[in-house]
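Chains S and B, in that order, are what the protein sequence lines are. What the first sequence shows, in the UniProt record's numbering, is residues 1 to 414, in sequence order. What the second sequence shows, in the UniProt record's numbering, is residues 1 to 414, in sequence order.
Just so you know, these hints were derived from the structure itself, not from any lab. Among these hints, one or two may not hold up.
When chains are identical, the list treats them as one kind, so a pair holds in a single copy or across two.
[Unchecked claim] Below, simulated DSS-like cross-link-like pairs (lysine-lysine); rule was C-alpha separation at most 30 Å, straight line:
| id | residue 1 | residue 2 |
| --- | --- | --- |
| 1 | Lys174 | Lys392 |
| 2 | Lys36 | Lys319 |
| 3 | Lys161 | Lys236 |
| 4 | Lys36 | Lys114 |
| 5 | Lys315 | Lys7 |
| 6 | Lys315 | Lys114 |
| 7 | Lys319 | Lys7 |
| 8 | Lys28 | Lys114 |
| 9 | Lys236 | Lys163 |
| 10 | Lys7 | Lys36 |
| 11 | Lys44 | Lys84 |
| 12 | Lys161 | Lys174 |
| 13 | Lys28 | Lys319 |
| 14 | Lys319 | Lys40 |
| 15 | Lys89 | Lys40 |
| 16 | Lys161 | Lys28 |
| 17 | Lys315 | Lys28 |
| 18 | Lys114 | Lys236 |
| 19 | Lys114 | Lys84 |
| 20 | Lys344 | Lys36 |
| 21 | Lys163 | Lys315 |
| 22 | Lys7 | Lys344 |
| 23 | Lys174 | Lys163 |
All figures in this text were calculated on a predicted structure; none of them were measured in a lab.
Protein chains: 2
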Amino acid sequence: MSNNILKLGIFGFGCVGQGLHNVLSQTKGINASIEKICIKHPDKERSLPASYFTTDPSDILDNADIDVVVELIDDAEAAYHIVKSALIKGKAVVSANKKLIAEHLEELLFLQSKYQTPLLYEGAVCGSIPIIRNLEEYYDNDLLNSVSGIFNGSTNYILSKMKNEGLDFEVALKEAQEKGFAESDPTLDVGGFDPKYKLCITLLHAFGLLVRPENILNIGIQNLNDQDVNYANQNKQKIKLIAHGQKQGQNISAFVLPTFINPDNPLINVHNEFNGILVESAFANQQFFGGKGAGSDPTGSAVLSDISALTYGYKYEYKKLHQTTVVTYSTQQLLEVYVRYNDKNAVQWTDFESINQSFESEDYNYVIGNIYLEQLLQEEWQLNDNISIVLKAIVEDSPNIVQEKTNNAVVETA
Amino acid sequence: MSNNILKLGIFGFGCVGQGLHNVLSQTKGINASIEKICIKHPDKERSLPASYFTTDPSDILDNADIDVVVELIDDAEAAYHIVKSALIKGKAVVSANKKLIAEHLEELLFLQSKYQTPLLYEGAVCGSIPIIRNLEEYYDNDLLNSVSGIFNGSTNYILSKMKNEGLDFEVALKEAQEKGFAESDPTLDVGGFDPKYKLCITLLHAFGLLVRPENILNIGIQNLNDQDVNYANQNKQKIKLIAHGQKQGQNISAFVLPTFINPDNPLINVHNEFNGILVESAFANQQFFGGKGAGSDPTGSAVLSDISALTYGYKYEYKKLHQTTVVTYSTQQLLEVYVRYNDKNAVQWTDFESINQSFESEDYNYVIGNIYLEQLLQEEWQLNDNISIVLKAIVEDSPNIVQEKTNNAVVETA
Ligand SMILES: NC(=O)c1ccc[n+]([C@@H]2O[C@H](COP(=O)([O-])OP(=O)(O)OC[C@H]3O[C@@H](n4cnc5c(N)ncnc54)[C@H](OP(=O)(O)O)[C@@H]3O)[C@@H](O)[C@H]2O)c1
Ligand SMILES: NC(=O)c1ccc[n+]([C@@H]2O[C@H](COP(=O)([O-])OP(=O)(O)OC[C@H]3O[C@@H](n4cnc5c(N)ncnc54)[C@H](OP(=O)(O)O)[C@@H]3O)[C@@H](O)[C@H]2O)c1
């Protein structure tokens with residue numbers, strides 16, 4: 001794509017679509033103009049002249065004048081068809097739809113390669129924070145150990161309110177919804193699905209790993225209560241919903257879990273709707289990125305940065321996917337978790353490798369125990385409303401991972 | 001530069017040079033090999049075979065096999081000649097030398113353009129934090145309002161120790177030197193010169209502004225004492241040495257000043273030798289980058305990332321330098337400062353626009369007053385050992401800047 005004016009066809013004119021329009025119209029020096037906007041409800045009142053709008057996707061997809069399709073709708077299934085057909089028609093695509101991207105990563109890689117047309121999606125992961133671009137470009141030859149962080153603004157807002165104002169989960173959720181942070185179906189946020197989709201995308205750019213969302217554990221924050229918050233307070237910790245991916249040897253483990261965060265961890269200072277990401281590498285040590293994870297203008301501005309990158313011919317190279325050492329996804333990571341429960345029989349105790357502490361009283365019971373990620377991924381008892389799980393620590397030298405490492409080594413030297 | 005193996009000629013094998021070697025030798029998949037290392041003292045013991053080393057620059061500069069010159073010496077003047085002649089000979093250059101780069105920015109731009117060869121210097125600004133790359137690539141079309149932060153690890157280490165352990169400045173400095181954070185000539189650090197050089201480079205990539213270091217105010221931390229630290233404590237603030245650049249209309253103001261940092265500012269959590277940068281943009285809101293600002297491996301790893309970028313043909317485009325709206329450097333920014341003094345006559349009170357508060361006692365006197373940046377830049381009274389200056393606030397709507405804006409507007413519409 002040369003340095004000409006890009007002609008944009010936009011799908012969706014909601015929170016992010018309008019943010020993009022706002023940001024674009026106030027930014028000088030970007031060579032892009034909006035040609036058409038495809039929306040769902042033709043009768044909604046709009047802030048732009050009616051001539052911009054259509055409800056017919058082919059007005060964009062079959063318009064030879066349009067170079068770039070910007071997909072900003074809230075329906076992942078419809079978005080999949082739009083993005084796919086745009087790529088097949090050789091149009092560059094920018095999307096902020098983490099669910100669509102995470103669920104179709106392999107096919108989207110294939111389509112980009114087959115039709116030689118780029119797909120950029122910085123806005124899909126942590127809004128305004130340029131994490132994908134940094135993982136792709138800057139950390140390409142560094143030895144990354146882990147990427148973890150607060151990838152979801154709504155849940156962080158809820159947890160901040162529970163901690164700082166003592167609000168109940170339900171009240172805090174309602175507030176987040178009123179402020180427009182939470183999705184209309186809050187399960188995506190509070191159940192940890194949204195950060196999991198983002199983690200999926202991140203794992204590809206950080207480690208060259210392709211893994212399907214359903215193979216990654218996500219435990220949300222919906223079962224947390226003031227007892228859990230108090231327990232954290234006593235240890236000068238905070239509970240945050242953390243998406244975590246880490247590399248040990250060639251093994252990558254990953255999960256989304258409520259986690260006790262220590263006072264010296266920069267993530268403890270990420271408040272309300274902000275996001276934060278910690279990147280640990282062998283040589284650069286720990287690096288921290290923070291910023292607004294969502295919202296109209298911040299996300300619009302990330303989308304605009306992708307559009308701008310297209311004017312310079314930028315595309316993801318997926319360099320780490322092509323590296324010689326192949327990484328494998330592993331759920332053999334041992335975790336130390338805090339489990340609060342009402343009914344002792346509701347927990348499958350045989351799942352645990354060890355119980356390190358236990359506390360019982362009239363109205364508050366918990367244990368601290370070691371359990372394999374694999375076990376948590378297979379079980380369902382932890383979904384019980386009266387059970388909450390919070391990660392205390394990732395057990396170093398997880399026996400099963402060491403096992404795998406040794407096996408690999410044996411195979412390699414054989 | 002194609003995807004072949006890059007042949008490196010390195011100048012300097014001290015802290016950063018050895019870090020680079022360490023990082024490079026442990027990183028698979030980077031297509032670069034070290035051909036020759038030019039050092040100063042041939043008799044020093046080295047960790048590599050003698051055949052690597054030379055003291056003759058032409059062994060690198062006139063070696064047609066060498067594609068990339070990596071300049072990592074501690075002598076800015078010698079470095080200038082090395083970098084210049086490498087560029088003239090058409091070799092790509094990577095440097096971590098902020099003094100050299102800041103002092104010769106215009107000429108280095110010209111040489112890169114004339115000889116069509118790239119110069120990269122991510123390691124020169126905030127060590128491992130990829131700020132230049134982000135400003136250059138990611139924030140190119142966003143409306144940046146300001147870039148500010150803790151750009152110097154040694155001074156931040158000293159200030160952290162004064163605050164947390166009540167150490168005196170001299171004791172904390174000695175500790176920083178022992179830990180290897182401080183330069184052998186500590187004036188560069190504690191006088192705020194090092195962060196000023198970094199700020200110079202940052203202003204070019206953030207705003208497209210070229211300004212000479214001597215035109216930027218730098219007040220260091222050498223005069224701060226426990227009274228200043230206590231004053232900050234009382235307000236729940238911390239003193240940090242802040243490099244700051246901001247845009248108002250087409251005017252850019254910039255300075256390096258000890259600054260009271262509020263508890264809600266992410267920079268307050270940047271401890272010891274870490275660096276942190278806040279980027280404020282019109283739409284993406286506030287973004288924060290944190291990480292190790294110095295040290296052997298972290299800086300070596302930033303240098304390696306530049307080398308790796310060369311293998312993909314990366315160069316700085318200096319896009320903002322070519323934007324249509326021209327920015328101007330302005331020192332007409334009004335600042336609210338805290339001034340502690342022993343002798344009332346040592347301060348030039350007529351420099352102030354207003355005195356907002358004053359406190360006198362037997363052994364502690366201070367005023368809070370408004371003063372133009374221009375005034376501080378011209379005067380010398382503030383260098384007096386018994387005077388300390390700490391920024392309280394940047395006065396919004398600085399009258400003289402508004403004046404300039406109006407003038408510009410008149411000229412433009414005339
Ligand atoms: N909101 C954020 O802060 C944020 C941050 C990062 C990423 N994202 C992602 O960005 C995307 C958009 O989010 P949003 O918050 O902007 O959603 P939204 O405010 O609910 O807006 C959705 C828009 O999509 C349109 N739409 C829905 N189905 C359509 C279809 N089949 N064809 C054409 N248009 C259709 C709607 O049309 P009508 O106007 O006619 O109803 C509406 O304009 C989602 O993937 C979301 O996950 C959002
Ligand atoms: N240290 C950090 O954390 C850090 C971080 C960011 C940027 N930087 C920058 O990186 C550069 C190097 O810093 P450093 O800490 O690595 O310095 P250093 O430890 O003092 O090492 C300096 C090296 O330069 C060599 N040298 C000096 N003059 C030379 C000349 N004329 N020709 C050839 N070699 C010469 C020295 O040779 P001998 O070994 O023979 O004495 C030594 O190997 C400086 O520009 C510094 O500002 C440093």
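Original post:
Between the shortest in-copy and the shortest cross-copy C-alpha distance, which are at most 30 Å for Lys344 and Lys36: within, between, both, or neither?
Top reply: Neither: 59 Å inside a chain and 68 Å across chains, both beyond 30 Å.
Subject >> Alpha-carbon proximity between Lys161 and Lys236, which holds within one copy, between copies, both or neither at 30 Å >> reply: Close inside one copy (17 Å) and across copies (22 Å); limit 30 Å.
Original post:
Are the CA atoms of Lys36 and Lys319 at most 30 Å apart within a copy, between copies, both, or neither?
Top reply: between (34 Å within a copy, 28 Å between copies)
**OP:** First find the shortest C-alpha distance between Lys315 and Lys114 inside one copy, then the shortest across copies, and answer within, between, both or neither for a cut-off of 30 Å.
**Re:** For Lys315 and Lys114, the Cα distance is within 30 Å both inside one copy (14 Å) and across copies (28 Å).
**OP:** Can you give me the call for Lys36 and Lys114, within, between, both or neither, at a CA distance of at most 30 Å?
**Re:** Intra 27 Å, inter 42 Å, cutoff 30 Å: intra-copy only.
**OP:** Could you place Lys174 and Lys163 in one of the four classes (within, between, both, neither) given a Cα distance threshold of 30 Å?
**Re:** Within one copy only: 16 Å inside, 41 Å across.
**OP:** Please work out whether the CA atoms of Lys161 and Lys174 approach to 30 Å or closer within one copy, between two copies, in both situations, or in neither?
**Re:** Intra 11 Å, inter 43 Å, cutoff 30 Å: intra-copy only.
Subject >> Alpha-carbon proximity between Lys163 and Lys315, which holds within one copy, between copies, both or neither at 30 Å >> reply: Classified as neither; 41 Å inside a copy, 46 Å across copies.
Original post:
Within a copy, between copies, both or neither: where do Lys174 and Lys392 come within 30 Å Cα-Cα?
Top reply: within (28 Å within a copy, 38 Å between copies)
Original post:
From the Cα coordinates, with 30 Å as the cut-off, is the pair Lys319 and Lys7 best called within, between, both, or neither?
Top reply: Intra 29 Å, inter 21 Å, cutoff 30 Å: intra and inter.
Subject >> Within, between, both or neither: Lys315, Lys28 at alpha-carbon 30 Å >> reply: Answer is both; intra-copy 23 Å and inter-copy 23 Å each pass.
**OP:** Indicate which option fits the pair Lys236, Lys163 if close means a Cα-Cα distance not exceeding 30 Å: within, between, both or neither.
**Re:** Both: 12 Å inside a copy, 21 Å across copies.
The structure does not agree with the numbered hints 14, 16, 18, 20, 21, 22 stated previously, though it agrees with the rest.
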